[in-house]
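Student: Heads up, the final residue of the sequence shown is numbered 574 in the working numbering, and it's a clean run with no missing numbers.
If you're looking for bench data, these hints aren't it; they were derived computationally from the structure. Take the hints with a grain of salt, since some may be wrong.
As a list, the in silico EDC-like pairs of lysine to aspartate or glutamate whose alpha-carbon atoms are at most 20 Å apart [stated by the list, open to error]:
no.: 1; residue 1: K523; residue 2: E441
no.: 2; residue 1: K527; residue 2: D482
no.: 3; residue 1: K527; residue 2: E375
no.: 4; residue 1: K527; residue 2: D460
no.: 5; residue 1: K496; residue 2: D482
no.: 6; residue 1: K527; residue 2: E468
no.: 7; residue 1: K431; residue 2: D392
no.: 8; residue 1: K431; residue 2: E471
no.: 9; residue 1: K523; residue 2: E368
no.: 10; residue 1: K527; residue 2: D392
no.: 11; residue 1: K431; residue 2: E373
no.: 12; residue 1: K426; residue 2: D392
no.: 13; residue 1: K523; residue 2: E371
no.: 14; residue 1: K507; residue 2: E471
DEER-style ranges, computed between Cβ atoms [unchecked claim]:
no.: 15; residue 1: N440; residue 2: N536; range: 24 to 32 Å
no.: 16; residue 1: Y457; residue 2: N356; range: 21 to 29 Å
no.: 17; residue 1: K507; residue 2: N446; range: 20 to 28 Å
no.: 18; residue 1: L361; residue 2: I508; range: 12 to 20 Å
no.: 19; residue 1: I483; residue 2: G358; range: 42 to 50 Å
no.: 20; residue 1: A455; residue 2: S486; range: 21 to 29 Å
no.: 21; residue 1: G487; residue 2: T510; range: 48 to 56 Å
The beta-carbon is built from N, C-alpha and C at its ideal position, and this holds for glycine as well.
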Amino acid sequence: MTVLNQQTNTGTNLFRQWVTEAHELEGELCLVLSMYNPQNSEGIDRCPTCSNPNYLQSDYESMDTDSEICPDCFGTTYKGGIRKAYIAPLLLNEPRLQNQVDPNGDIASYVVDFQFPYWLEIFEFDYVLRLNGWDIQDSGNGLYTVTPKTIEAYQLQIPKIYTVKDGFGYMGGSQKIASKATGVSVNTNNPILNIGISTKYPNQFVPTPIQGALSSISIAHLNNANN
């Protein structure tokens, strides 16, 4: 009789299951926007509205506008700005007030600590939107605009990864079980608050804890709701 010995990371899977169940039981469904950055933007064009080809930075602040952030790339300098959108159950605490000093002086912002499921890859400067449902409007020609009713929006600081060292794959190997990041509240004129989703299938965008991007959404359809 042939016996197959297959190495498995049972311990890590068990930890991930516990953490995932905690998120599903106690978490709040939020819209997580994964933004383009130098680590995940290979092959993506620069923003035609604000990107400076000489310095690879945004010139939007120098333009005569009400906002300091480009509404087409949301400050990423990459075309479209948003790489992926997720609905995910997040663990979070109550917003707390925090003072910070920038070139404009002492500014008070609200901060929230978010914990994310293991399958969700997050980066610094990604966004988390706390929601109170969705507005669905008929845009004509069989198209609908699905706009999140945003309660609060936060931009993430450098995330921390939580792992279990199980030696799976190689000695000393570690596996991700969750991640955590602090979010800082965005200004009311931040264009990220105006995003909408143009689609022929509005019923696909009911908030549910799915693992992955919003069902079959094309990133090209994540545009400003006013367009």
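Student: Mind listing which of the numbered hints don't hold for this structure, in increasing order?
Tutor: Checked against the structure, the hints that fail are numbers 1, 2, 10, 11, 16 and 20, while the rest are satisfied.
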